[in-house]
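Number of protein chains: 2
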Amino acid sequence: MIFSLTVLGVSSGLPTSKRFPTAHVLNVHGHLFLIDCGEGTQIQLRRYKVKFSRINNIFISHLHGDHFFGIFGLLSSFSMLGRKNDLHIYAPKELEKILLSETSPIDIQHFNYKIVFHSHKHELGQIYEDKKLTVEAFPLQHRIEAWGFVFREKQKQPNIIKEKIAQHNLSIVEIVKLKQGGDVLTADNQLLKHEDYTIPTAKPRSYAFCSDTVFLNRIIPIVKNVDLLYHEATFLHTEKKQAKLSQHTTAKEAGIIAQKADVKQLLIGHFSARYKSLDPLLQESQKEFPNTILAFGGLTIDVEQEKNK
Amino acid sequence: MIFSLTVLGVSSGLPTSKRFPTAHVLNVHGHLFLIDCGEGTQIQLRRYKVKFSRINNIFISHLHGDHFFGIFGLLSSFSMLGRKNDLHIYAPKELEKILLSETSPIDIQHFNYKIVFHSHKHELGQIYEDKKLTVEAFPLQHRIEAWGFVFREKQKQPNIIKEKIAQHNLSIVEIVKLKQGGDVLTADNQLLKHEDYTIPTAKPRSYAFCSDTVFLNRIIPIVKNVDLLYHEATFLHTEKKQAKLSQHTTAKEAGIIAQKADVKQLLIGHFSARYKSLDPLLQESQKEFPNTILAFGGLTIDVEQEKNK
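Protein chains in written order, with our numbering: chain W, 1 to 309; chain V, 1 to 309.
These are computed hints drawn from the structure, not numbers from a lab.
Any given hint could turn out to be false.
Just so you know, same-sequence chains aren't split out, so a pair can sit in one copy or run between any two.
Capping the alpha-carbon separation at 20 Å, the derived lysine-lysine pairs in PhoX-like fashion look like this [to be verified]:
id, residue 1, residue 2
1, Lys307, Lys51
2, Lys49, Lys18
3, Lys131, Lys154
4, Lys51, Lys18
5, Lys276, Lys51
6, Lys276, Lys49
7, Lys240, Lys131
8, Lys276, Lys193
9, Lys241, Lys18
10, Lys162, Lys97
Computed from a predicted model, the values in this text were never measured in an experiment.
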């Protein structure tokens, strides 16, 4: 089953000719979760052949333009394309006000589909759940209200070893019990231990998104051990003053977060337009956390399944 | 002196991976006039190396998203880049309301520069003038209020033939009179005819922008004889029903307008996403008006100066 991230944009406030503003798409078993929606997101979705119709949930970290100005065009296009499915938007409260206002740039009242708004609460908490996935939001620290997200695949129940249970003529209730980690006493008084009759499924995968924010120690336990951590790295550490002033993170600091949180892989992005070459940012982060990679438009990272032992 | 048009976007409502929504930049002697500002305009401006700081006037034809959703990002970037110069926006009244509203996506009150709004009046009229150029707006017919624009270079005064006037010891007032087309009687009673002492300057150039609109006979006298006519051509004529319904023009009709208005060159754009190849649209228009070309992102057309006879 797919658990993959596609990067659509990697610029900070000022886009460049080659770097669109922030937008990511997480594909969880074929369901697409859009995270931020900078200007041009719909064009990037087209470019990288991401199906509009599979996006039912949009998560907006904060209301700086480079993270949400693409939403007007995208929501309009959804309507033009005849979308009928509800669209859920998880965002700071003000986005709902902008979109529902009489002076909104778009007239969502006349769209063919319904938009359901979910405003971020002012605390760490689960904001989304389905059969396969949960999403937690957690507050970041930026010039305005800003949120990070952790997407966690749910642990699938172990698979029954059919050949081994065949001899026991078990009821469905008993089989479910084994799958759920319980042991079963058969009619002939035999204790079937669940670990002998099931094969663990793969470990659930996880993706954390942290942008925009200052360096924040308190997010480390939240993103601990995730498979893939995206963290903004707007500046080199030589620009630490500028980073502090604008409440951004340096590449070095992003590396430190990844290292302390013991994540598997770090993806850095949200690069200042001042950097023509991004190699120095990569090197700086890799010094702290070697398994760092640079985000770029069109990059897709398949998070691989890992066997449970 | 430059009089050139750069096309930034050519899609209709739904952009494609290769076609951004509408935006044009007219360069008149180094001053840049942005016409419409679809999503991603600032990215296209960067891509085609158009200097942000030279844009002081933005003309918006109508408030469908594909013609103005790029303005939020562009105005924000102007502020981030430290712009100080006033920016003039010529647009339907509602744009001012959107941008000044408490729920506006951008906070223009805190920008470093001033935005001066000019709302389109409900009639044909001049909306801009400087030493080199005038701009007229004229109503189009679309699903909402929509406007076309004609940009006309002013006729420069003829040049004095210095060698010929040298012998007459003329005053500045007399020289100005000759340049303005008057004749001069010298102290020794000699009549100097202006046409003998001046060389006409080149013909003024003109560019007309017509998008979005149904086929409109009444615009023909307005765009008569322009050097370059941009006319939307959203559909092939086989889709005439769809064009009528959505109040757009077909490629054939755009060609007819150009032919009847006797323009020098026709540029068609605003193509429906349904057309992968645009050649049929070009051919259809060329049947009516051979000197038609297709708009594409990055196309620059230098309108050449033509000698007055």
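Item to check | Ascending list of hint numbers which this structure does not respect | outcome: Violated: hints 1, 7, 8, 9 and 10.
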